[in-house]
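Respectively, the protein sequence lines represent chains A and B.
Each residue of the first sequence is one higher than the one before, counting from 78 in my numbering.
Each residue of the second sequence is one higher than the one before, counting from 9 in my numbering.
No lab work stands behind these hints, which were simulated from the structure alone.
Don't be surprised by glycine CBs; every beta carbon is placed ideally from N, CA and C.
Wrong hints could be hidden among the right ones.
[What the hints assert, rightly or not] So, partial list: chain B residues that the calculated Cβ filter (under 8 angstroms) puts toward chain A: (1) R107; (2) V111; (3) K118; (4) S121; (5) R122; (6) E139; (7) R140; (8) W150; (9) E154; (10) F177.
[Stated by the list, open to error] 20 angstroms max Cα-Cα, derived EDC-like pairs, lysine to aspartate or glutamate: (11) B/K108 to A/D268; (12) A/K397 to B/D175; (13) B/K29 to B/D16; (14) B/K108 to B/E230; (15) A/K398 to B/E176; (16) A/K398 to B/E127; (17) A/K398 to B/D175; (18) B/K108 to B/D96; (19) B/K108 to A/E267; (20) A/K397 to B/E176.
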Amino acid sequence: MAADIVFDALRTALGPTAAAYALLAIGLNIHFGFTGLLNFGQAGFMLVGAYGVAITVSTFGGPLWLGVLVGMLAAVVLALILGVPTLRLRADYLAITTIAAAEILRLLVRSTAAEPITGGVFGLRQFGGDFFALNPLPDGRTYFGALAASPNRAWVMLVGWSLVALMTLLVWALIRSPWGRVIRSIREDEDAARSLGKNVFSYKMQSLVLGGVIGSLGGALFALSLQTVQPDTFLPQVTFFAFAILILGGTASTGGPIVGAIIFWFLIGSLQSGLRRFSDADMLPEFFGAQAVGAVTLTFVGVLLMALMIFRPQGILGDKKELQLDVS
Amino acid sequence: MSPEPSTDPLAGVAAEPGVPKPDPMLTISDVRRSFGGITAVDVDHLEIPRGLITGLIGPNGAGKTTLFNLLTGFDTPDRGKWTFAGEDLAGVPAHLVARKGMVRTFQLTKALSRMTVMENMQLAATGQSGERFLTALVAPLWRGKEQEITERADELLVRFKLDHMRDEFAGTLSGGQRKLLEMARALMVEPALVMLDEPMAGVNPALTQSLLDHVKGLRDNEGRTVVFVEHDMDVVFDISDWVVCLAQGEVIAEGRPSEIGSNRAVIDAYLGATHSEDPAHRKKRHERRAS
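Chain B with its partners taken away, still in its complex shape (with noise of 0.2 angstroms):
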């Protein structure tokens, strides 16, 4: 159902843990991070393709935000390498790794409660020279590019739907808008790679659709990479392009998500009790999302 490229990007790669992929955005090599005695993550190398859309999945305490917190800078590993778009990231601190392009949202979503959506948004803009000190002090010399920002902020609030509370405080929205507004606030930074961390976790169902033609939107009409880790299998093999499973650190499988439902080693680590459930039931719960 969802509008698959004409001609299968990932044609030829075999659905086996650490294949190199023909595009990878990010390439990641024996990154490990433990605390104390436990692995938290042991991945020997993982391509994620680029322009594609990839659902990271594992049960809980897997790796995943661990993973998410190495690769975005606000974790460091005891060793490893990565490279985005060819570019070695390891040991580069969170906000510059914003800065080039790869821009995460959290679990746990952390909308600034005391600013309004507006300022939200405006925040996440890139360049303004008015976040320097001296310069914040001469208006004219970043109200040109505040009008600009504040220009951009409002035609995604407005895809969004969140352009009827623009100028209300951030705490104020719902958990779903909180979740839409993180998307929209990452968009500001325009990251060529968009990591979002249980996009959907906490979200009524009946803005989980909207949320998902959100996330196809950033492959589909902005040619956005996207990773994003989620629990709800239906969701994942809704939008996924590639799916890769992690279980206590490890990935230990990846491919289509065609592949990776019937994969032995996702079913024993993850899948069992999904996999358990009535068929019939799942399909009811699938349709009542799509309506």
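The following block holds chain A by itself, in its conformation from the complex (with noise of 0.2 angstroms):
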């Protein structure tokens, strides 16, 4: 039973909705890690990104491609909307802003007025066919050995992890860069860095706005490897789990999210399957019902953080030297 459970575990870590939350702490490292903006939205720009592609597709009838653009386009403008109020005031202003915006959002969708084009509380389905169209590995058999995925996960897995990596690659290459010098220099101090000439205010909305994108294709891929997108998906909890798994990573390292989401899920992935195995072999108290492990699952990777921060509070990867260094 111990291996049945790893495997299930391994399947949920490397999973779809695994890389979807990859992106999703990529972007937020990009806010919070690198530039120090305090972004507790990022399920608005996941919501962005996936509404994209389902209302392009499915509401009205376009391609792929253009709901992806749509969705990127639309987080954007979320960012710029986001962010010339509040990228001039403290910080915490876009915190309150940003949480906030991710919930209209996500009442907005879900509003009877809005459900001839987003289908309101019942989300839309079928508009993952151009991209399952595009699967090139043959069907009749499964993949990735042991964790035996469908011709179609197997697809979305492989799109998904090398957006990852993609991302990753771009991120890392921004941050060593002048421009990356910049924005470091931006979560440092600001008034330091303007004055020395920055221009803080653009590059604050540069990052908001990269950061964004890369979380509405988060969005869009979580979208597509579901078949469908349902509002109450995007609960301010999504943002909090990509908090998760960027913390625990390590904040402010280029790889941190990718091993952050592993992990996150990993965990997620394995409590799940040991309570429902036990639970479905009698050997949990009775009190202990099939309804109590989702609850239960989230009490463990609360703990589990809690342990993290304690006895690693820089994360996996992140610089140990880095955190002991008074930054006020």
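From these two lone chains plus the hints, build me the complex, please.
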């Protein structure tokens, strides 16, 4: 049974959802890890990416590539709307605005008025046809050995993790460049950057747009892998999972989001699988019904994150030396 | 003891508030800033002479730092105009003020802690096209400039005796080293005017002399204009060519260091405590610092 649990967990850890969350965390890493922007509304960028694809394809019958593009453009617009009024203010204003904006977006797409376009509370489905038609993997067998992925799932995994690798490469190239140096200087002290002739507002805006667009790609991937979008997928907790992944992997380390996403979803996967299997085998106490699995999983994840913060506060890949410096 | 220019460029300039100078770098007219009911800065007219060191003194709350903030675009005045090298700078945002050649440091040093000393220096350089998003992705486009910047930074680090800390995080520097880094970093911008907000505050006396020499070097070796805020009168009288005294936001006196020391308004507003100090004791303190 232990082996089964490990394979279940690996399936989750390397699955499309983990890849989508890795993208969300890469976006947040640009915002929070490198620029010091507190974006608590990454779920909103994810939402516009997902609904960009869904609405373009399902509601208007457009092609897939246009849907992805619409999602990315919507993320740019969202970043501008959020950034223009708040980026000149203190960091906490952006935090409040982003969390509110993400919730407003969610309530907007689930409203009755928006139903003809967004499908309201029922969401949208059947927009993945184009994507899976591109799948070059032959049917009739499973992929990735013991992970036993169906051809469609294997295709989403390939595209998803390639996208993650590509975005990580992009971030790596940017952060080591002079552009990245300005970005990091803003995280350290934006007045110092300003006094040295850097247009802080412009760089913060570029950071917000870039991280938001990467988040929207995560949303598009998420929607395509499930082949459905529903407004209540994009609750604020999504943003906090992405933050947990970022901190777990190591804030401001380029590879942190990948490591964090895999470990985070491995933990969730193993706990869910384990509890379910124990429960099926009647090995759990009576009060521990099947419906408690979700709650208990989250509790365990919370405890593990606390342990991480106590014993390895810099995250898996983070730099301990950076953390020890007094940054006030 | 400071190497005075052979002919006094301020010869014939009267020691009175608002007096015009022969060759002003910065001209401030009617600048006013109030916070609620308190007027923090109310300067009728003030000219900062080019190529010299001007000391800005005044009691706590006199508006020295506020004036710095206004002039460098970190704060917006209620009204007022000022020109820098003949160019109107009112309403120009802080980063553009710096690019025009007027660079400031901060009273509480702003070392970028989680970046190396070298990165601190490189950041300050101007004209690096790799700071633009798309150019940043193509390393060959900015690598040449980066090398040039790094060489210049290395020279400055040697001059400021920070070369042994080159690859350490700036957060590991001592208070005095941070002041040195901030000054060296400001020079990477190649400013015509350097505004130092309390460059000696919190600095170990052993380092003070070296900092003073660096400030004099800005004037003597590089021909830069310096304005600095300082509370230590020995320092002010030692290195300034001209001293401006602010009190309650207004310029109450200006003149050569020798004239300011005996100015009644200054003594009343500011020097009271220091002035009554035993002169012999003050002299001894001064000698200790110089040795």
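Here is how each hint holds up against the structure:
1. R107: 4 angstroms, holds
2. V111: Since chain A brings a Cβ to about 7 angstroms from B/V111, closer than 8 angstroms, the hint holds.
3. K118: 4 angstroms, holds
4. S121: 5 angstroms, holds
5. R122: With a closest approach of 5 angstroms, the B/R122 hint holds.
6. E139: Given a least distance of 5 angstroms, the restraint on B/E139 holds.
7. R140: Status holds, d = 7 angstroms.
8. W150: Holds, about 6 angstroms.
9. E154: 7 angstroms, holds
10. F177: 6 angstroms, holds
11. B/K108 to A/D268: It holds: about 17 angstroms lies between the C-alpha atoms, which stays within 20 angstroms.
12. A/K397 to B/D175: 16 angstroms, holds
13. B/K29 to B/D16: Between B/K29 and B/D16 the Cα gap is close to 12 angstroms, so the pair holds against 20 angstroms.
14. B/K108 to B/E230: 17 angstroms, holds
15. A/K398 to B/E176: At roughly 10 angstroms apart (the allowed maximum being 20 angstroms), B/E176 and A/K398 satisfy the hint.
16. A/K398 to B/E127: With a Cα-Cα distance of about 16 angstroms, the restraint between A/K398 and B/E127 holds, given a limit of 20 angstroms.
17. A/K398 to B/D175: 13 angstroms, holds
18. B/K108 to B/D96: This hinted pair holds, its Cα atoms lying about 11 angstroms apart.
19. B/K108 to A/E267: With Cα atoms ~19 angstroms apart, B/K108 and A/E267 stay inside 20 angstroms; holds.
20. A/K397 to B/E176: Measuring from Cα to Cα gives roughly 14 angstroms; hence the hint holds.
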